[in-house]
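A.B. asks: Given next are the chains, with one letter for each unit.
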Amino acid sequence: MKVVATILIILTGALLIYGVEDMPDWGDPNSPANSHVSPKYIQEALEKTATPNIVTAVLADYRGYDTMGETTVIFTAGMACILMLRKKRKGEGD
Amino acid sequence: MLEYIVSKYNFWAYVILLLIGLYAMVGKKNLVKKLIGMNIFQSAVILFYISIGVKKGGATVPIFLGDAHAAHGHGHALIDVASYINPLPHVLMLTAIVVSIATTGVALAVLILIFRRYKTLELDEIMKIRKDTGV
Numbered sequence: 000m001k002v003v004a005t006i007l008i009i010l011t012g013a014l015l016i017y018g019v020e021d022m023p024d025w026g027d028p029n030s031p032a033n034s035h036v037s038p039k040y041i042q043e044a045l046e047k048t049a050t051p052n053i054v055t056a057v058l059a060d061y062r063g064y065d066t067m068g069e070t071t072v073i074f075t076a077g078m079a080c081i082l083m084l085r086k087k088r089k090g091e092g093d
Numbered sequence: 000m001l002e003y004i005v006s007k008y009n010f011w012a013y014v015i016l017l018l019i020g021l022y023a024m025v026g027k028k029n030l031v032k033k034l035i036g037m038n039i040f041q042s043a044v045i046l047f048y049i050s051i052g053v054k055k056g057g058a059t060v061p062i063f064l065g066d067a068h069a070a071h072g073h074g075h076a077l078i079d080v081a082s083y084i085n086p087l088p089h090v091l092m093l094t095a096i097v098v099s100i101a102t103t104g105v106a107l108a109v110l111i112l113i114f115r116r117y118k119t120l121e122l123d124e125i126m127k128i129r130k131d132t133g134v
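Protein chains in written order, with numbering that gives the first Met the number 0: chain G, 0 to 93; chain L, 0 to 134.
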């Protein structure tokens, strides 16, 4: 088990470090992640949603349906925990 | 070479953190330790995304203060993109944190059920019991 894990670590680590080579420098304002869509959000969020906090504007306005689906995830997880951990009634199986 | 490492040392840190989590998930036999490894793995991914959104050179959190709010009424007050950090990784990782909390909760509930049935959380002991009893 430990041998398999160590080999897996070395392979994955080599792959990731090879990938780091292509990443932009830390904090580069012109990196791809900072220069394609995010300037549009920063410039338009206040005008379109009237929310001063851009993170809130994206979470609740632009991606409102995604957040609604997220509540489904939380609900499902909570129901799963309740159903697994509740006390069984008499006569119920298992 | 040293300059190359220093300019991207944040990514190296996340690679190390991710490998610690992966090792714990694969190499450890205790199920709780596997779960902790999964959490470390998720933390590494979350930190990686957050660090993608960083802008150096005077950028602050993506919240407009009062003056920007007043200016938006009349005309297009041009907002300087370089003075606010990238908000999108923060939003996505907010979602990822919620999902990670949900998975951790369900996994802990499953671990409680496993412990109730087998009275142990060591994977090799569980597999031995399953082999002996044929369940």
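Misleading hints may appear alongside valid ones.
Stated by the list, open to error - Now the stretches of chain G that chain L is said to cover, found in silico as 3 or more residues with beta-carbon under 8 Å:
1. 7-14
2. 24-36
3. 39-46
4. 57-70
5. 73-82
FYI, nobody ran anything at the bench for these hints, they're computed from the structure.
The structure presented is a predicted model; accordingly, all values stated were derived computationally and were not measured.
Built from N, CA and C at the ideal position, the CB exists for glycine as well.
A.B. asks: Next step is simple, just say for each hint if it's right about the structure.
C.D. replies: These are the hints, each one checked on the structure:
1. 7-14: It holds: at least three residues are needed, and the segment 7-14 of chain G offers 4 whose Cβ sits within less than 8 Å of chain L.
2. 24-36: holds (count 9)
3. 39-46: holds (count 6)
4. 57-70: holds (count 6)
5. 73-82: Result for this restraint: holds, n = 6.
The structure agrees with every numbered hint stated previously.
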